[in-house]
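Visitor: Residue strings, one per chain:
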Amino acid sequence: DTEVTQTPKHLVMGMTNKKSLKCEQHMGHRAMYWYKQKAKKPPELMFVYSYEKLSINESVPSRFSPECPNSSLLNLHLHALQPEDSALYLCASSLRVNQPQHFGDGTRLSIL
Amino acid sequence: TQLLEQSPQFLSIQEGENLTVYCNSSSVFSSLQWYRQEPGEGPVLLVTVVTGGEVKKLKRLTFQFGDARKDSSLHITAAQPGDTGLYLCAGFYNAGGTSYGKLTFGQGTILTVHP
Numbered sequence: 394d395t396e397v398t399q400t401p402k403h404l405v406m407g408m409t410n411k412k413s414l415k416c417e418q419h420m421g422h423r424a425m426y427w428y429k430q431k432a433k434k435p436p437e438l439m440f441v442y443s444y445e446k447l448s449i450n451e452s453v454p455s456r457f458s459p460e461c462p463n464s465s466l467l468n469l470h471l472h473a474l475q476p477e478d479s480a481l482y483l484c485a486s487s488l489r490v491n492q493p494q495h496f497g498d499g500t501r502l503s504i505l
Numbered sequence: 124t125q126l127l128e129q130s131p132q133f134l135s136i137q138e139g140e141n142l143t144v145y146c147n148s149s150s151v152f153s154s155l156q157w158y159r160q161e162p163g164e165g166p167v168l169l170v171t172v173v174t175g176g177e178v179k180k181l182k183r184l185t186f187q188f189g190d191a192r193k194d195s196s197l198h199i200t201a202a203q204p205g206d207t208g209l210y211l212c213a214g215f216y217n218a219g220g221t222s223y224g225k226l227t228f229g230q231g232t233i234l235t236v237h238p
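So the protein lines, in turn, are chains A and B. In this text, residue positions in the first sequence follow the numbering used here: the first is 394, and each later residue adds one. In this text, residue positions in the second sequence follow the numbering used here: the first is 124, and each later residue adds one.
Do not rely on the hints blindly, as some may be mistaken.
[Said to hold, decoys possible] Listed next, the in silico DSS-like pairs over lysine-lysine satisfying Cα-Cα at most 30 Å (straight line):
#1 A:Lys-402 - A:Lys-433
#2 A:Lys-429 - B:Lys-225
#3 B:Lys-179 - A:Lys-434
Don't read these hints as lab results, they were simulated from the structure.
Based on the provided sequences and hints, a complete structural model is requested.
Guide: So this is what it looks like as structure tokens:
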């Protein structure tokens with residue numbers, strides 16, 4: 394069982410919809426991450442938050458908008474996504490940046 | 124851009140066989156992690172290695188970090204069908220400062236162990 398909880402597990406949305414992915418951890422970790430993963434490929438980093446502040450944005454399109462309301466929660470707001478955005482979206486956390494990261498089980502996102 | 128070369132990309136073996144997965148780079152890591160990922164789940168952290176020459180064991184899995192901290196290997200003894208999955212190495216490059224949390228991943232090894 395993972396200690397990083399992601400909801401929902403699956404999401405199907407149209408290109409005009411607005412939805413949010415949620416991630417929660419209660420391990421006292423102060424670094425949190427969003428990754429995108431295609432089938433049988435390694436995760437690709439999207440965003441890094443350190444102490445609730447955005448520290449890395451890997452040139453992600455603005456249709457993806459991250460938010461870190463507090464030290465335990467991380468959201469990813471989605472709007473006007475494209476079919477190529479269909480993927481597994483993984484959240485991870487670590488005690489601090491440059492510490493081993495622990496992943497959630499992801500949200501499987503399908504864009505129609 | 125730092126590269127982490129992982130090999131082999133695919134491995135299909137019979138139950139009971141041994142195998143080794145390699146990760147190599149021309150750059151030095153401050154630390155390296157190994158993960159296993161099963162279908163429908165997120166990567167699970169297996170081990171972290173930090174010190175050059177370090178060897179860690181996890182049941183039938185043996186992890187080694189190169190003396191120069193540029194390479195690592197994962198050896199599985201007597202593989203079982205439950206070992207099937209995607210194995211990922213990932214490291215923080217020691218760039219004279221901090222990598223700010225950016226993990227560099229290898230391309231992954233898809234392991235299939237047949238009964």
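Visitor: Indicate, hint by hint, whether the structure satisfies it.
Guide: Status of each hint after checking the structure:
Distance hint between Lys-402 of chain A and Lys-433 of chain A is fulfilled; the C-alpha atoms sit about 18 Å from each other, no more than 30 Å. Distance restraint check for Lys-429 of chain A and Lys-225 of chain B: the Cα-Cα separation of roughly 14 Å lies within the 30 Å cut-off, and the hinted pair is therefore satisfied. Taken as a hint, the Lys-179 of chain B and Lys-434 of chain A pair is honoured in the structure, with Cα atoms around 26 Å apart against an allowance of 30 Å.
Checked against the numbered hints given earlier, this structure breaks none of them.
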